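Q: Starting from the given sequences, assemble the full structure and let the hints guide the process.
Same order as they appear, the protein sequences are chains P and U.
The number in my numbering is simply the position in the first sequence, starting from 1, with 565 added.
The number in my numbering is simply the position in the second sequence, starting from 1, with 1 added.
A few of these clues could be false.
Covered stretches of chain P, going by a simulated chain U footprint (3 or more residues, C-beta under 8 Å) [to be verified]:
hint, stretch
1, 588-601
2, 608-616
3, 625-634
4, 681-694
Hints listed in this document are in silico derivations from the structure and should not be mistaken for laboratory results.
Quick caveat, the model's predicted, so the values are computed rather than measured.
The C-beta atom is built at its ideal place from N, Cα and C for all residues, glycine as well.
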Amino acid sequence: MKHIFTLIFLSFHTLNFAHETYFAFAEMEYDDKCSCLEISIKVSSHDLNEIAENDIENYKSLESALIDKKQIKEITDDIILQGFQISQAKKFTQLFYEGFELNNDGNCYFFFRSEEIDPETINVRFDLFMGIYTDQQNKLIYRNSNDINVTYGFFIFKRQTDIKL
Amino acid sequence: MKYSQILLLVSFLFVLSSAQGQKKFAQIEELIPTPNEYRNAAGAPGHNYYQQQADYKMNIVIDDATQMLKGDEVITYTNNSPDALGYLWLQLDQNLFSKTSDTKLIQVEKMEDFRDISQLKRKIFDYDGGFKIEDISSLNGVNLRYSINKTMLRIDLDKPLKTGASISFKIKWWYNINDRMAVGGRSGYEYFEKEDNYIYTVAQFFPRMCVYDDVSGWQNKQFLGRGEFTLPFGNYDVSITVPSDHVLGATGELQNTSSILSGDQRKRLEQAKKSDSPVFIVTEEEAKASEVDHSKSTKTWKFKALNVRDFAFASSRKFIWDAQNTTVGGKDVLCMSYYPKEGNPLWERYSTKLVAHTVQTYSKYTVDYPYPVAISVHSKSIGMEYPMICFNGGRPEPDGTYSERTKYGMWGVIIHEVGHNFFPMIINSDERQWTWMDEGLNTFVQYLTEQEWERDYPSRRGPAYKIADYMKGDKSNISPIMTNSESIWQFGNNAYGKPATALNILRETVMGRELFDYAFKTYCERWKFKHPTPADFFRTMEDASAVDLDWFWRGWFYSTDHVDISLESVKLFQLNTQNPITEKAFQKEQNDTKDEFKGDLENKKTIKETINEKDAGIDDFYAKRDLFKVDKLDEFEYTQFVKRNNQNLELLNSEKFFYELNFKNIGGLVMPLIIRINYIDETSEIIRIPAEIWRRSEVDVSKVFILDKEVVSFRLDPLLETADTDLYNNSWPRELIPSRYDLFKQQKMRNRRDENPMQRQKRVDELGN
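A: Take a look at the structure:
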């Protein structure tokens, strides 16, 4: 059977051999007060910059994009959240952008809060940048209700996992 | 019979526990090669150490109209090995871009990787790259038999090349230079469409001799894109023909300044050689003028480079060129930068000064920089190193402003790539086999250099705590540092970050700066202009310091364990003085301050009088006695005790506090225990216990601290120096460690939503006008 797939028309990505990081780290915790997940995602500014440079219209720099409502929405919705998705009982969980931090050491942090969800099992898909950097590998650290950190690895062969909240 | 069985069991358990204790502290002889005449047990070159020599004479032409590179070269190869060589292997790195390259074929792909048009375009991009070999022949024109296996070329010799003999042969080739911004690559061209100009950064551009040594024989592993190069040393004599309005920088010293540079430029170059700050040889105005006039004539630049392992160059009519002198070990080094106007104002302000600073700082920690020039070329987005010359990113925005991140990115990449002159250009390790030996060691010295450039420089890699995210948790898809370059999971963290961190920990925490610096410099001195291996490094670091580091190499370089040491519990003990006055008063205080049950407290209020309070006949001896009263018998017994133990009284009355701390090694890596003790009088001290405390028990250890003052809290790894991945279990009593999200919420009001601060300042200035 032939499968049809639709392309998203973004511009052209470069591929170079600079010293990319190829790693994104997320931290996640369930907050009982809001019945929601609190999430931070750390990415290499260099990696993100290279992707945004090619995918975001009129993009100049991360600094200027992050104060431009349209561009920050494109970065969070079309880049970051394309690679970090949560679902529960086969229904996508909406994630709300809370803010960012851009550090001089080359790291960039994005903060999200989820809509209200039950503290049950969720499915996390964390394949951020994997379509662009074949060596990309991501890691999620979930702090459970006993304040114990549980780590989940994601890579090209294993892009999603179930987590019991 | 039963007795002997028990003995046997006890003996068995002892052997078992000894063996377990030996896992992490077992010596690494089983992991590293046996010392021999080429590499000795001290980690130095052996008495029969040898290496090959490859000398090159080349004529190179850039065709600016077609972006083709053409060349012919004469290679003179000298066999210093004890072996006769029946064939020679050469590297054809450009074949990485050939249509049949394995690099594309071995990439794992899923349909998810074709989600957007850009990804699809990249996958199907068509570019006719790779070497076109036209001729391989002897100096008298006889064709040589050769065979190409993807990125490797074998020349079959009619007669084996004997020990001490040399052979010279010619190769003629050409290739299409890659558009670096489209297909990527460590070298290539960047096209500036508006003005129809190119910047060429040209490297790995000619067939180069492979290394033949005592470790690998011919090191002819295919070039798949990651594992960089290992090359023999040699002398280069290179002529490069480019459009006459181009400015060109290359490995080595320019031989024909008089026919290439104008009188003014020659004067400025001489001035730069005596200056300790940058002097323009080609100014921005001159470069801008060249950008407009596209000369059709050509010039040939001639360079010589001695005792280098490779040759690279950069050429463009867009180049501004500045230079300054720095002196290392009494020898002058000309530090230079080549950059287009697009790199300013960052590049004219910092690049050459960074080159000079890097050369100076690395020389202090490793070996004196031996070459006459050190060059930084601006090449958008990348960082890549070659002998004496490197290509570096860090481009301001089109309006001339730049963010702090861009500035630090540019500083970091220049320091890193100039630093590669030392690892691996001088200390010539095998990059194709062991990426960490150049990238890791270089990143470590880069950190030291950054910290000497600016106080509190926000170094990306080096400090221990920065590697924690990478090292913690699931290990199924990360690899030990000691992994072949092409098989590494997580190149940046594995080969750059983790070894740099490990060396930092050795320097700051395990060995101390003095021992480490001496041993590290010894390694560099021993192996400059030679080919070291990991074992040579491990052995030298121990040999020159008298510190057994086998446990450290085993844990940090051969395993994927991480550091997570938990302070499990703290127990307080105090000596019983046997003095009834002291001890009963202590017992009374304990009794008076113990927690009370809520019901008892309520009863005291609600029950006006109990029966025994009303009726004096109820209370007997037990009810009336005072448990905490010192009676005559207590006093008598203590007098007797004092007579018997007169010598120990001082110790018994010292009022010392005994704290038993219990630690658990959760992550697997054994590390020193660094404990900060915070006392009740608000003073504190740090106690350091070497990692060897884990040598007999690798999971649980305890330690008793005998202290003069009461403690309010203990904190493990308080200076964040061991890369401990879970700080929550490091404290007693437990301290809550906020998540990144918590920290973000706390500082939300201070959220850095400001624009590029230089752009903001521009708007401020405009308002002022």
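Q: Which of the listed hints are not met by the structure?
A: As far as the earlier hints go, only 4 is violated by this structure.
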